[in-house]
Structure formats: C-alpha cells, structure tokens
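Chemist: Dock chain B against chain A, hints included.
2 protein chains.
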Amino acid sequence: MIEALAPGAADTGPLAVVCGGGSLPFTVADAVMKRGRRAVLFAIEGWADPERIRAYPHHWASLGRFGWFCRTARAEGCRDVVFIGSLIRPPIWQLRPDLKTLRLLPRILRLFHGGDDHLLSGIASIFEEHGFRLIGAHEIAPEILMPEGVLGRQTPSSRDRADIERGLALLNATSPFDIGQGAVVADARVIAIEAAEGTDGMLARVEQLRRAGQLEAASGRGVLIKAAKRHQDRRLDLPSIGPQTVEGAKRAGLAGIAVTAGSTILADPNRIAAVADRENLFVVGVQEQRTAGVRTE
Amino acid sequence: MIEALAPGAADTGPLAVVCGGGSLPFTVADAVMKRGRRAVLFAIEGWADPERIRAYPHHWASLGRFGWFCRTARAEGCRDVVFIGSLIRPPIWQLRPDLKTLRLLPRILRLFHGGDDHLLSGIASIFEEHGFRLIGAHEIAPEILMPEGVLGRQTPSSRDRADIERGLALLNATSPFDIGQGAVVADARVIAIEAAEGTDGMLARVEQLRRAGQLEAASGRGVLIKAAKRHQDRRLDLPSIGPQTVEGAKRAGLAGIAVTAGSTILADPNRIAAVADRENLFVVGVQEQRTAGVRTE
Chain A
7 MIEALAPGAA DTGPLAVVCG GGSLPFTVAD AVMKRGRRAV LFAIEGWADP
57 ERIRAYPHHW ASLGRFGWFC RTARAEGCRD VVFIGSLIRP PIWQLRPDLK
107 TLRLLPRILR LFHGGDDHLL SGIASIFEEH GFRLIGAHEI APEILMPEGV
157 LGRQTPSSRD RADIERGLAL LNATSPFDIG QGAVVADARV IAIEAAEGTD
207 GMLARVEQLR RAGQLEAASG RGVLIKAAKR HQDRRLDLPS IGPQTVEGAK
257 RAGLAGIAVT AGSTILADPN RIAAVADREN LFVVGVQEQR TAGVRTE
Chain B
7 MIEALAPGAA DTGPLAVVCG GGSLPFTVAD AVMKRGRRAV LFAIEGWADP
57 ERIRAYPHHW ASLGRFGWFC RTARAEGCRD VVFIGSLIRP PIWQLRPDLK
107 TLRLLPRILR LFHGGDDHLL SGIASIFEEH GFRLIGAHEI APEILMPEGV
157 LGRQTPSSRD RADIERGLAL LNATSPFDIG QGAVVADARV IAIEAAEGTD
207 GMLARVEQLR RAGQLEAASG RGVLIKAAKR HQDRRLDLPS IGPQTVEGAK
257 RAGLAGIAVT AGSTILADPN RIAAVADREN LFVVGVQEQR TAGVRTE
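Chains A and B supply the protein sequences, listed in that same order. Under my numbering, the first residue of the first sequence is numbered 7, with each subsequent residue one higher. Under my numbering, the first residue of the second sequence is numbered 7, with each subsequent residue one higher.
Bound-form chain A, shown alone (with noise of 0.2 Å):
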C-alpha cells in the first residue's frame, strides 16, 4: 500500500484525469501539461479513444474496478483526479466489481435508483473518502470554459435570440428535475427537450422530423440551447460542445448554438468555430440567467 500523500503536495503532484470518450480528455491533459504539471490518464474501456490515448501516460480502466484505481492512482502519485469526457450511465449489471467496489455495492445501489447528478455526487464522495480530491476541469484548465460573445463570425439575429431566451426559461424550469440540459427552439416553438438521450441524439431526432416534414420553421431557423444545471455539481458534469455539436445542429438544419458561458465545456475551440463559419452557424455564449440578455459583442 502507498502511504497518504502529504496534503501540500496536491496542488502540483500528477493529476489523474480519468477519460470518457470524445477529444475533452485531450484538451484538458493537454492544458494541464502545459501549465507543467504531470497527467495520468485513466482510459476507460469502451470509451477513451485508443488511437489518441497512446500518446499520453496512462491505463486502461473499467468501471467496476474502484480498488484497482485506488492503487493505481497513488503508485502513481496521484492525489487529484479529475473526470472527463463522454460516458453514458452503464446498466449496473454490466459492472464487473472488483473487492472494493463489490463492498461499496449496495451503496452504489442506491446511487444508480435517482438521476445524474444524485449519482456522481455520490461518486464523489466515494472518491473523497478514499483519499483523493475531485477537481473540475474546468478548475483546472479555465481556458475550455466557452466565454461570452461568439465563436467565429456568424451572430445570432433577433429571432434566434428570442428562440435563445426561450430555451433558456424552459430549462431554468426543468432544471430541478436533473436531466440533461439541452433543447431545440425554432420560430418561438420547443421542437425538442434532452434527456437520456443525449445532446447528439436530440439533434439527430429534430433532423428526422425535419426530413419527415414534421417541422414547420424552414431551414435554417432554429437554435440548439445548452445550460448548465444550476445546483449541480460542476466537478463531474458541465455541459459540453465540440465540433460533432456543431455537425449534428447543422444537420438539423438549426441557425445555431447559444450555450452558457462560464459554464460550457468547449471540446476543440479552434475546430468549433472553424465548422461554425464553414456551416454557417453561429455559436453564442450566453449568460446563465433566465431574464439576462444575449450579448454578442
């Protein structure tokens, strides 16, 4: 057993950034390695992309094994962890426990009956009975935080701002109800709200019905709103765009993106606005209150 680190070395020892699917996992060693700190990544099974992972230090995880990591991650010197990058809930029957996690079973249990953020916030605190802190990469690398304005050149015209403010109040309303936190507004209308089904999947499904003809807002009209939760806890699960985000509103055939700024994981920057002007979309950052305006600049 590795002893417990000494409480001033978290601030600098290596970071163990557990990885989901998508580039986030990237982005963030990436700006963490800048600032000159050591990344560990944890790749988990069936998500971490294996092509990009090799490139970085790092293990290969699975979901079930909390004794392992526990190990792992203090041979490592790693106090602070952080969690990044897509993972959609797992059946709970598709968990393979090692020894700790079968002991921590029943309490995992009760954490799966309730929604997301019930359940990472009980993760956390698993974690942080362990020894470890749990950081938000967005504590860690401020930089993939979306800022307020646009990304690229195109703007929000007056309708898609009212469509914006619109889909803001409804998921300042369903907010409560901890599910995910996005929605399609088209001509004043909610063509769509997110839940289980991810911001991909909504985007894919207002498509469908736009090729079926279920759709009256023409092309071109309509924007997909994010925000972020507003008691969540934002260590485990800000909401969060990137290049495939933009694809998918396109084809849907939306006006644009308006996510909150300061709350709003941006996956590749720099490719986000790139595709925006390509497409024709814009991306807005927003702020998170229901009644502020949209600022564009």
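Just so you know, these hints were derived from the structure itself, not from any lab. Think of the CB as a built atom: it goes at the ideal place given N, C-alpha and C, for glycine as much as any other residue. Check before you lean on any hint, since a few could be wrong.
[To be verified] Derived, one-sided and incomplete: chain B residues facing chain A with beta-carbon distance under 8 Å: (1) F183; (2) V196; (3) I197; (4) I199; (5) Q220.
Modeler: Chain B only, in chain A's frame:
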C-alpha cells in the same frame, strides 16, 4: 350562400366532425350518433382513415380550403364543429389555400409562429368569427375521457407511483412552454420528454435507448406519464391514448401508463384494457394536481 342557422338549432343540429388520423374520430362520431344526433365527418386528406370513413356521411377536406369548409358545413346544416384525431402541424408551404384561406393567410402565418396552443386558439377564433361554434369532443361524449383508477387488471406499485409523481411534477413545470405533455420516468429518473416528436415517437426512442443498453432501469420499469397542459383550450387539444400507446409502452419496456383523469381522451377503451392485460401493463387515471396522490381504485 346558405343563410345563418337559427341560434336554437345549435344543440341538436348536425355536428361537423373534422377528422384527423387514428380511431378517435370514429369513437366520437359513434358516441354522437348513439345520442340520436347526426354527424357529418370532414376527413382531412392524408390523415383520416379512408377505410373507416366510408361507413359515415363524409366529405374529404384539405387544410387550406377554409372557404370550401364554410360553404359545405353550412349546406349540411352544421353549426357546431368538433376537431378530433391526430394531425401533426403541416409545413405551412404545403397548404394550398382557397380564396378565403388566402385572405386569412397573413393572420394564419402569424399563428404558425408559436406553440400549439397559440395556433389552435387562433384557429378556433377564425371558426367562431365565421359563425361556427367549436365544441370539445369531451363535451359531446364524456365517456371518451379517462376516469380515475385503472383500466384493466394491473395496478401501479409504490415505485411506479413515485415515478408518476415525478413525471406529473415535471409536466407541471414544462406546462407554460406549450409543448407535448408527455414524459417517461423510470426509477425516479427522467428518461424522455416529449416535444414535437409526439408520444409514439418518444416511446420509440425509449425502446431504442433500452436496446442500445443506454438505460440502467431494468425492463418492466418506468412509466409513461401524460398530462393536459394547465391552460390549454381543451376543445382542441386534449392528450389521448389508444391501444397503440399501450403497445409502444410495452416495446419501450415500461411498467405502465398514467394519464390525468377527466382530461385525457381514450381511443377504444376496451381494446386499451385488453392490450394492457395481455401485456401486463397498468393504465391508470390520476388526479391532475401536482401534489395529489395516485389513486388506483
């Protein structure tokens, strides 16, 4: 031109039943005729069932021909009009307007910019300004409404009741946004919220998520909850369920269906109960108030 009918004739004269898709229009027409009142069906092209419509006095109608409708309904002696059956909002450019509709088009265009309630109440005003009286199907045939308690043999468990309460609270929160009033909740987690895709579309999505292993709730868990919007014009847009809703809920792996009693239309209650019993699903009518408990007797 046919002269306006005498006011006293309204309650007993023939009823114009404007028919969308599904079996509900025929349930309503049968209920009207059982009371000894004549029903004239106006079958909307592309929506009304061409096989079943033959058994009734009917005209084929298309959405853009309001002038034709006024003339034909008056010639049939109809002053009361009921709208019933499924009809997804058409893209406005698919309307081929007749002369009267053309004159109303600027107003209709404005109505199309907004939610369903906005569109429907505007259309109701247009009919009333032309001397028709819009009546809710539930006013004409109250027996088509879901009562409190269960249809069929199955009853919700205490876990199901907790899911129902959560769904009702969520629909209460989204009610001001004028969207489809349906949701799926399983093990206290909101799995899906309905907007433009409709209830059948939402159930198909839950089925797909389950097949893809993206739901952690076991098969046989979870409830479809439907509720009338709080301030909607109930003459035009009450939620409804039919046997296909029960089949969709079964395919989605749910335990049952809960709808608000007294404000949900049942298409073919006997078949709903028969399918529910065959598939071991519950179908329960619950009180509308968010704080009210679920009664199953």
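Chemist: Run every hint past the structure and note whether it holds.
Modeler: Verification of the supplied hints:
no.: 1; hint: F183; in the structure: holds (5 Å)
no.: 2; hint: V196; in the structure: holds (4 Å)
no.: 3; hint: I197; in the structure: holds (5 Å)
no.: 4; hint: I199; in the structure: holds (4 Å)
no.: 5; hint: Q220; in the structure: holds (5 Å)
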